Amino acid sequence: MSESMRNFLIFLLILAVVIGGGVLLNSLFSVPFFLGVTFVAFGLITLGGAVAVVTTRNLFRATIWLMVSLFGIAGLFVLLEAPFLAAVQVLVYIGAIAILFTFAVMLTRSLTQLKDRYNRPYATLAASVLLFAFLTWVIWQVWGNWTPSGDIMLATISDTTDLGVALVDKEGLVLPFELASLLLTAAMIGAIVIARDVDEDEKEKRG
Amino acid sequence: MIDTIVNFFAGVFAGDKSLMLWSIPLWPLLSFAAISGLTLILWLVRQITGTPENMIPASDHRYADHNHPGDYGDMPVPYQPYWFRITAMVIGVVSILITLYFAWTLVFGALDEFGAGTFGLADSAAAHGEEVAEDEHAETEAGHGEEAGHAAEPCAPCIYGNEVTWLALGNADDSANGFVEGEDSSHEIGVFLDPLNATLLFMVPLAILCIFLYSVGYMWHDARQAKFFALISLFSAGMLTLVVADNLMMLFVGWEVMGLCSYSLIGFWYEKKSAYNAAIKAFTVTRVADVVMLLGIVYLWSLAGTLNFRDILYNPEVLQAIGSTPAIFLGGWGFSAAGLIGTFLVIGTIGKSAQFPLHVWLPDAMEGPTPVSAMIHAAAMVSAGIYAIIRMYPLFVGMSNPHASTPTFSEPLMLMAIVGAFTALFAATMGVAQRDVKAVLAYSTISQLGFMMAALGVGAYVAATFHLITHAFFKALLFMASGSVIHAMEHGDHHVHEHGHGHDVPDEHGAHGHAEHFDPQDMFNMGGLMNKIPVTFWTFLAGGLSLAGFPLLTAGFWSKDEILAESWYGFNSHGSFLHLFVFVMLAIAAFLTAFYTMRQISLTFLGKPRTEQAEHATLGGQYSIVSIFMQLPLLILTPFALFAGFVGVPADFEILWIPIGRLFASIGGFFHHFVIYALPFMENGGYEVFHVDAPPYNPVPVGTSIIVGLLGLGIGYLMYGRKPLEAGQPDPLIKILGEPIYTTLQKRYYMDDLYNLILVRPSQAIARFVIAVLDKGIIDSILHGIAYVFTVTGDFIKVMNAWLIDGVGDGIPKGIFAFGGFMRRTQNGRIQAYLLIVLAAVLIIGIIFAISAGAVLAS
Amino acid sequence: MDCVGLCAFVQSLGVADPAIARLIGLIIGGVLVSGVPLLTVIFLILVERKVAARIQDRIGPNRAGPFGLLQTVADLLKLLAKEDITPAAADRVLYNAAPLVSFASVVLIWAVIPFMYADVAPGAFMGVDLDIGVLYFVAVASLGTLAIMTAGWASNNKYALLGAFRVVALLVSYEIPLVFALLVPVMFAGSMSLVDITNAQSHMWFIFMAPVAALMFFISSQAETGRAPFDLIEAESELVAGFNIEYSGMKFGMFFAAEFLHVFTNAVLFAILYMGGFLGVLYQQLPILGFVWLGIKASIIYFISLWLRNTVPRLRIDQVMNFNWFFLVPVSIVNVLLTALILKLAQVAGLAPTVFAESSLLGMLPVTLMLLVKDVLMIIYVMTRVAQEGRSARQAEQRMETDLLASAAGD
Amino acid sequence: MIPLWLYLLVSAALFSIGTFGVLARRNGVAVLMGVELMLNAVNINLIAFWRYMSPTEVNGVAFAAFVIVIAAAEAAVGLAIIISVYRSRHSVVPEEADMLKG
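Protein chains in written order, with our numbering: chain A, 1 to 207; chain B, 208 to 1066; chain C, 1067 to 1477; chain D, 1478 to 1579.
The following block holds chain A by itself, in its conformation from the complex:
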C-alpha cells in the first residue's frame, strides 16, 4: 500500500475518532455536536503532538510537533472562552519560543539526531503511566460527578479589558506584572550573557 494511501487511511481514522468522540460527548453529556467535535479534535491534536514531541527522534520535527500541540492547546483555550490567552499562546509559543527552539536545534545541529533517544525509558515510562493513573484516579474521585452551577455558565465572562485593567490596578495584579517584566529582563540579560560566544568578546578585546 502506498504511502499516500496510508496517510489517507490515517486521516480517515482520525476523522472517525473525532466524529465518534463528538457523537459520544453529545450522547453522554449532551455536549453540542460541533463543540464536542472541536474539543475532541483539539484534544487529539494536543495529545498526539505531545506524544510525537517526546517520541520523535528528529529534534526539528519534535519542535514542529511541539507547535502543533501548543496550537491544539490554544484551540482548547478558545473553547474555554479565553481568546486572549489563545492568541498569546500562539504568539508567544509559536512565534517566539518555537523559533527559539528551532534556533537551538539548528545551533546544535550536529547532535540533532542522537543514536538512542532515551535513557532508562522503561522506569520513566512506568513512572509516567503511574502518575497518569494516579492523576486520573484523583480527578475521577474528586471531579468525577461534579457539575458547574448554571449561573456561572451563563455569567458574563471577564474579557481582555478586565484583564488589562487588573494588570495595572493598584489593588490588582500590578506588582506581579512588574515582577514578571523584571523577570523577563533578567532572563533576557542572563540568556545573552550565558549564550554569548567566548571568542566574541575576545574579538572585541582585540578591537
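Derived from the structure by calculation, the hints contain no laboratory data. These numbers come from a predicted model, not from an experiment. Check each hint, because a few of them may be wrong.
Claimed, not checked - Okay, the calculated bits of chain A under chain D, using three or more residues with CB under 8 Å as the criterion:
no., stretch
1, 4 to 13
2, 84 to 98
3, 122 to 132
4, 180 to 190
Cβ coordinates follow ideal geometry from the N, Cα and C atoms, glycine included.
Using the hints, position chains B, C and D against chain A.
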C-alpha cells in the same frame, strides 16, 4: 570635669585664697607632668617617624668628665635636642616662679590679716582671730563650709583652708574613735595656711626657685635636663604638698614623694656606682624610719578617727584623751598613746632629717648633682622632718610641760633632746676632719638639724622654726657656692687635660678613693680661688659666717643664740639638767661648727692655688650662661642668709649694755609671736604652755654664743688662714689630734663599716641563704615537683588524646567519609535521575494523602 | 446561540436547524474570506509587474489578453502544469507542509478584516470580529515565519537554510516595532477589535494623529513581507533564491502568492489601522462603497510599497539589524510612551474625548494637534541625531582611511 | 457543556507525557520541550478551573499569562545554557554535563 578644672584655675587667678593654696603644690606637679608628657611625645614621635635613637655621651659637655669622675663621661644616653631640654628648663623655672608668686601673695596676705593680732597677746589675738575667721568665712565661697566648724573652735590666727573628701570610709562607731564627736571617719584631704607653714611658704619656694635657677647653669651641659627638671619639679611638688597639707596623711604623701625623688635624684648619674649605691642607701635608711612613722600615723588614726591637724591639735578633749590613754605597746613603761605616737614620728624624723643612728645616708647623698644636695639639705627634705614635728608639737608634748616650773618631758621630747644634742656634736666632730668640700657641708647640716631637734626637745620650738628658716637659707647658699667651686675646679681640670700635662700633677692624696683620678671636690686641691671666682667667694663667705654664727650680723647667730638662750633659760630658772645637757653640747657643737667653717673657707679660697686645676679654675667666662645662672642664685640668697635673722631679735636684747634689740623693735620678736599663733592656746588643758614669750635677756647664753662663734672662727683662721697650706702639705689637724683620731673622724667613726658589718653583710648572708635554701631548695623544688606532676599528667593526657580523642575525632570524619562515598553514588549529577526520584517521592506522598483524604471522605 | 449574518441568510434560504445553518454559513464565509484574497492575488501580480515595468521604463506584460490581463492566469496554469518535485534529501512532510502554512498564515489574517459596513452585530461585513483582532493578526503573521523556517530547513539546502536564518532573524526582530506601532491605534480606539478601530477613526484618521507610528508600521510591515529594501530572504545575488530555492511548481507558486498577498494584506491593515478602513463617503447608505474606499486606500499603500521595492537598493543584513535595534525599536518605544502620556493628559484635561467614535471633528482637533506637534518634534530630534551620528561615523571612517594611507606610505 | 474532568484529563495526560519527555529524553532541547508541555498542562488546568469556577474574575487568565511569561523566560535561559554547554563540551545531553565545572 573640664569645667571643674577651668573653674579651679579661674578661681586661682581671681584670687580665691583657698584655691591658691590648693594650686601651690600643683604648679610643680604640672611642670613634672608637662615635661614627662613632652618626653613621652618626643619618644613616640621618634618611634613613629622611625628616627634612629642616636645615643650621645650622657654629658655632651665639652670635656669628658663633668661633675663626676671617669667611667661616666662616655656613657651613651638617648639624644634629646637642645630646644627640648631648654623647653624643659623653662617649664620648670616658670612653674616655680608661679608657685613663688602665689605663695608669697598668700604669705603677705596672711601677714596683713594676722598682723595686728600677732603682736598682741593671746586673748586679744584670739578675739581678732575670731573676727577674721568670720569675714574670711564670709569671703570664701560656700564650697568649704567646714571653715565655719573650724572657726567655731578656739582657733589661733585664722586659717585659709579647704577640704575635699578623699576617701569615704563611712561612719566609724564612736566607741573606737570617740574623741571627735560628729566627725565621720571619711578621710578628707585639704590645705590650710597658718603662721607656721606661712613661714615655710615664705622660705621653701624661694629656695627652690634659687635651686632651679642654679640647676639651669649647673646642668647646662648635661644631656638629661628633661629628666632632671621633671624629677626636681616632682620633688618640689612633694615638699609643697607637705607644707600646705592640713592632715598627717597628705603630709606623709608628700614625705614619701620626696623620698622617691631623693632616691632617683641622688642616683641621677646612675652610671656611677657610688651614685646608685648612695641612692639605695638613702632610700633604704629613710624607709626604715618611714615605716615606723607610718605606724605612728596609723595608731593616731585608730585613736582619733581623723588625721586633720586642727581636729586633733585644736581639740583639747582629743589631746587630753590621747595624752592620757596608755599606749597599746610599751604602755607598761608609762608610755602614753601620745608618747608612743610621738616616738614613732620622731623616729621617722630621725630618718628623714638624718639624726644620729640614721644619719649615714646624708653624707653620701652629695653623690647626686649639687642642686639636689641643696634641695635635700636646705629646702626640702631634711626641713620636712623638723616641720612635721613642729606641726604635731602639741601631740609630742602630750600632758607634759617642758616650760613648767618643774619641767616634765614626755618620751619623744626626751628622745629628741638627747638624740639632737648628741647628733649636733657628733656630726660636728666628723665635719672637722672632712676634706671633701661638700662633705663638710653635709655634716654641718646634720649637726644643725641636731640643733633643731634638741631645741624641740627642750620645748623651744619657736627657736627651732627660726633656725630651720635661717639654716635653709644659708645652707642652700653654701651648697650652691660649693657647687660652683667644684664646677670651677672641673673647668680647670679640663683645661689641664686639654693642655696635655694634666696627669703629671702628683695626686698624693690618693687616700680619697680613686688615686689615679683628680678629685675636683677635694679641698686640698683648691686654694686661692678667692681671685678666680670672687662672687662665689663673697657669697660663700656670707653663708659660712652665717653658719658659724658670726655675732650680731648673721642670721645663724640669732637663731642659734635663741636656741641656746631657751635651753639656758630652762636650766637657769627651773634647774632642769636636760636643758643644761643640751646647752653644753650645742655650745661645743657651735664652736666646732665655726672652726670647720673657717677651715673650709680658708682651704678653699685663701692662699695660693695648690694645683694647676685650681690655677685655671673658672666658671667659664664672666658672662657665660653657666656663670650667670650659677651666681645669680647666690646673690639672691646672700641677703637672706645675712639679714633674715633680724626678724627674731628679742626686743630686750642688749650686749655690753648697748640695747641692740631696740634697733629692731619694729620687727624684733615678730617671728616669735607670729609662729606661736600657729599653735593652740586654750586656757584650759594646759596648752598655754606654748605661748610662753621669748626668754628674758640673759648674758650667759649670749656671751657663750658670741664667744664660741668668734673663738672657732679665730682658731680656724690661725690654723689654716694665716699661713695657707702649700701644695702637698698635710692637714695640720693631724698633728693636733693625732693620726688615729683624725682618721676615725675622717672615716665617720667607721659607722658605715659598722653598719656594713652588722646589717648589710648579715642581710646579704641571709639573702644568700634564702636564695640557696628557701628559693632554690624549697620553692623551686616545689615548683619542679608541680611541673613534674603536670608533665606526667600531660603525658598521660597525650596518650589519652592519641587513643581516645583522636580515635573519636578521626573516626567521625572517617565514618562521614565512608557514608559520603556511599551517598556519592546517588549524587551522580544527572538531573533526570534526581527528577525521577522526585517524581517517585511525589507519587508516594500523593498516594498517601489521597488515601487519607479518601478515608476522610469515606467517613 | 444567536444566528446572524450568513447564518440568518442561510436560514432565510430555508435551512431549519440553526446548527446546520451555522455550519453552512461558516463554510460559505470561509470560502468567501479566503477566496477574496486568492482572487486578488491574481490581479496583484499583474499590477506589480506592470508598475515595475513602468518604473523601469518598459511596457511589461502585454501579450496575453487585452493589456496582458491574462498573463497571471497563464503563469498560474504553467505552475499548475509543472511537475511536483520533492528533493530526495528533503524532509517530505515538512517540505510539503511549509507552503501551505505560509499561504495559510496570510489568508488567516483576512478572517478579521472588516470589508464594509453592516448594520448587524459586529457592525461590519467580516469573517469574525475578534476583540483581540490585532493580536490575532500578529500571532498569525508569526506563523509565516515558522513556515519559512520549516521550508528552509526541510529542503535540506544550505542556501535555503541561510535564507531561513536570515528571514527568521529579520522577522523576529521587526515584529517588535510592528507591535509597538500597532499599540498606538489600539490605544486610541481602546480596543483591539479592528471594527472598533475603524469606527474610532470616523472623525479623524489616526495617520494624522500618529504619523510616526504609521511610518513605523509601514516600514516594519515592509520588512515583515521581506520586500525591498529588506528582501534578504531571496537575495538572488547572494543565496540563489533564498529559502524557496528547492521549490518549484505550485509550491513555489504558493510562496509567491503568499508574499504578494502578504504585501497587500499589510496595505489593507495599514488602511484599516491608520486610514479609517472602509470609512468614506456614503459608506453606511451604500455599504459596497466602503469596500471600494478600503480598496482605494489599500491600493495607494500597495503602490507606495511597490514604488519602494523598485527604487531602493538592498541593504546588508547587519545594516538591517542595526536599523531595527538602534533606530526603530527605541523610537517606537519612546513614541508609544509619549503618545500614551499626551493622550492621558489630554483626556484628563478634557481636551480629548474618551471615546473617539462618539466625538466630533472639533472635539478631535486639539488632541490631534498636540500629537502632531509631538510627532513633528520627535522627527526633527531623531533626524538631527541621525545626522550627527552619520557625520561622526563618516569622519571616523575617513580618519581610518587616512591612517591606513599614512601607514601604507610609511611602509 | 463539556465536563470539567475531561479538560483535567487532557491536562493530566499532557502533564504525564511532558514528565516522560523530561525524564526520558537524552537531548537537552527535548527535555526543555517536555517542560513546556508540563507548563501548558498546568495552563489548561488553570483556565479550565477559571472557566468553571470563577469566570467573572481575571485571576485564572492572569495566572496563566504569568505562567506563559515564566515559560518564555525559562525557555530562553534553558536554551542559552544548553548552547553554552554545547559550545563548551560539544554535547547537549544533560547526563553528560555532570561535573560541576565548565
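The hints, checked one at a time:
Only residues whose C-beta sits within less than 8 Å of a C-beta in chain D count toward coverage, and the stretch 4 to 13 of chain A has 0 of them, not enough to reach three; the restraint is violated. Counting residues of the stretch 84 to 98 of chain A whose beta carbon lies closer than 8 Å to any beta carbon of chain D gives 8, which meets the minimum of three for the stated coverage. With 7 residues bearing a CB less than 8 Å from a CB of chain D, the stretch 122 to 132 of chain A meets the requirement of three and the coverage assertion stands. Counting residues of the stretch 180 to 190 of chain A whose beta carbon lies closer than 8 Å to any beta carbon of chain D gives 7, which meets the minimum of three for the stated coverage.
Checked against the numbered hints above, the structure violates only hint 1.
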